[in-house]
Structures are given as C-alpha cells and as structure tokens.
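Asker: Chains H and L supply the protein sequences, listed in that same order.
Position one of the first sequence corresponds to residue 1 (our numbering), numbered consecutively onward.
Position one of the second sequence corresponds to residue 114 (our numbering), numbered consecutively onward.
Some clues are possibly wrong.
30 Å max Cα-Cα, derived DSSO-like pairs, lysine-lysine [to be verified]:
1) Lys170/L with Lys105/H
2) Lys105/H with Lys59/H
3) Lys183/L with Lys208/L
4) Lys170/L with Lys59/H
5) Lys57/H with Lys105/H
6) Lys70/H with Lys57/H
7) Lys183/L with Lys170/L
8) Lys57/H with Lys208/L
9) Lys170/L with Lys184/L
10) Lys170/L with Lys70/H
11) Lys122/L with Lys208/L
12) Lys70/H with Lys59/H
13) Lys183/L with Lys122/L
14) Lys56/H with Lys70/H
15) Lys183/L with Lys59/H
16) Lys122/L with Lys56/H
17) Lys122/L with Lys170/L
18) Lys127/L with Lys170/L
19) Lys70/H with Lys208/L
20) Lys170/L with Lys208/L
21) Lys208/L with Lys184/L
22) Lys105/H with Lys208/L
23) Lys105/H with Lys70/H
24) Lys105/H with Lys56/H
25) Lys208/L with Lys127/L
26) Lys122/L with Lys105/H
Hints in this document: simulated from the structure, not taken from any laboratory.
Next come the chains, spelled out residue by residue.
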Amino acid sequence: TQLLEQSPQFLSIQEGENLTVYCNSSSVFSSLQWYRQEPGEGPVLLVTVVTGGEVKKLKRLTFQFGDARKDSSLHITAAQPGDTGLYLCAERPSGGSNYKLTFGKGTLLTVNP
Amino acid sequence: NAGVTQTPKFRVLKTGQSMTLLCAQDMNHEYMYWYRQDPGMGLRLIHYSVGEGTTAKGEVPDGYNVSRLKKQNFLLGLESAAPSQTSVYFCASSKTGWSSYNEQFFGPGTRLTVL
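The shape of chain H in the complex, shown without the other chains (with noise of 0.2 Å):
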C-alpha cells in the first residue's frame, strides 16, 4: 500500500480566489479519483485520472496528472462558499484487488464570503 501524501492539510480563502491542492506518492498510481466531501456527508466521486499527464475540467475545477503519474493536482479558479468541503485523492492500485481504494487524508478547504 503506497502512502498517499496531500497538502495543504488545512486552507482558508476567500470568495474569488485560486487556490491548488495536491496529491503525492512515492510510487506510480495506476489511476487516481478526486471526491469531494461536504460537511455531514459521503464523498462524492469529482473526476477519475488514468494516463499520465492527463488533464480534466469541471467547471471551475481542473484537475492534473503528473506525467509520471506519481502526483495530481486540483486547482480552482474562483473560488466560491459552495466549494467549501474535504477534498480527497484515492489511489487504486494496479492488478490484484484494485477494487480498494487508499485514500489520503484530504485537505479541508474554507472558502469565506
């Protein structure tokens, strides 16, 4: 099981700001899903990433991977209240069991009016 390392561990903006989250490992994913989890809620699937350098767009979310497929990153523009939640990257391992998921701790983001 690789260790899923994410940072910040805890951020506070304000309303209209950028910010960047990321996801890091000592080892190659085989793919990697942000969720987003809202206060008093489940994590909700955002985007799943497979090759490497790969880039998706959610709106105002976009999401990276590392061409060696060995970090990601969420960046958001503009942010706003509504985004406020728990962001998570889980990693799914390749071959095997790669129906269990390791996640990371999150990053706890605040986004204030």
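Given chain H's structure and the hints, the job is docking chain L onto it.
Answerer: Showing chain L alone in chain H's frame:
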C-alpha cells in the same frame, strides 16, 4: 432511487455494548465497503464484500465483523464497543471493481460515540 442509505445516523454506546450498523443500496451493486473516518486519518477500509455471501478484511478490521446475506445489504457489527471505535462510519458501494473509472458511492455516514 435512494442510492446508499445507512442506519442509524447517530448512536452513543457504553464501553462493552454491542450494536449493528446497517447499510443498504438500491443500485444492484456487487461490491460494498465499510470505512471509518477519524480526524487527521482520512478514510480507512474496515471490511469489504465482492458479492453476496462474501466478506474480506480491509486495513483496520479488528473489533468488527460484517455480513452480506443479501446483495443489497451490508452489516457492520461491533461485539464489544471500545472508546477507540468512536468514529464516523461510511458505507460505500460500487458496480464492479475492475475498471479504473469505477466509482464508489457513499452513504451519509453514522456518527458513533463510545463512552
């Protein structure tokens, strides 16, 4: 279509008491999972099931048991609760397991406090 539901939403137990958490999904998913979420620890897999009648241990299985008698239900049992089991418990399900794009759908969680 309710998705994944969990019962109860909140529970307070005394040390040594037992309880069962119920998870139900109406999406006909094969795979189901139980996680616990603690501050600063992220989500950790307790047990999982790859189909009706099957169960397997995850990362932190000690002190918990599970059963999957029906495809749509996955039960998590605590036989003798301990304060270290105070946590928020999430159930999840997925259609299959083998695709990189496979999505896990989570329930709303059960907040358990053991005194």
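Asker: Hints first: check each against the structure and report whether it holds.
Answerer: Now for the hints, and whether the structure bears them out:
no., hint, in the structure
1, Lys170/L with Lys105/H, "21 Å, holds"
2, Lys105/H with Lys59/H, "25 Å, holds"
3, Lys183/L with Lys208/L, "15 Å, holds"
4, Lys170/L with Lys59/H, "38 Å, violated"
5, Lys57/H with Lys105/H, "23 Å, holds"
6, Lys70/H with Lys57/H, "20 Å, holds"
7, Lys183/L with Lys170/L, "18 Å, holds"
8, Lys57/H with Lys208/L, "25 Å, holds"
9, Lys170/L with Lys184/L, "18 Å, holds"
10, Lys170/L with Lys70/H, "27 Å, holds"
11, Lys122/L with Lys208/L, "24 Å, holds"
12, Lys70/H with Lys59/H, "25 Å, holds"
13, Lys183/L with Lys122/L, "22 Å, holds"
14, Lys56/H with Lys70/H, "17 Å, holds"
15, Lys183/L with Lys59/H, "39 Å, violated"
16, Lys122/L with Lys56/H, "35 Å, violated"
17, Lys122/L with Lys170/L, "24 Å, holds"
18, Lys127/L with Lys170/L, "25 Å, holds"
19, Lys70/H with Lys208/L, "27 Å, holds"
20, Lys170/L with Lys208/L, "19 Å, holds"
21, Lys208/L with Lys184/L, "12 Å, holds"
22, Lys105/H with Lys208/L, "25 Å, holds"
23, Lys105/H with Lys70/H, "17 Å, holds"
24, Lys105/H with Lys56/H, "22 Å, holds"
25, Lys208/L with Lys127/L, "36 Å, violated"
26, Lys122/L with Lys105/H, "23 Å, holds"
The structure does not agree with the numbered hints 4, 15, 16 and 25 stated previously, though it agrees with the rest.
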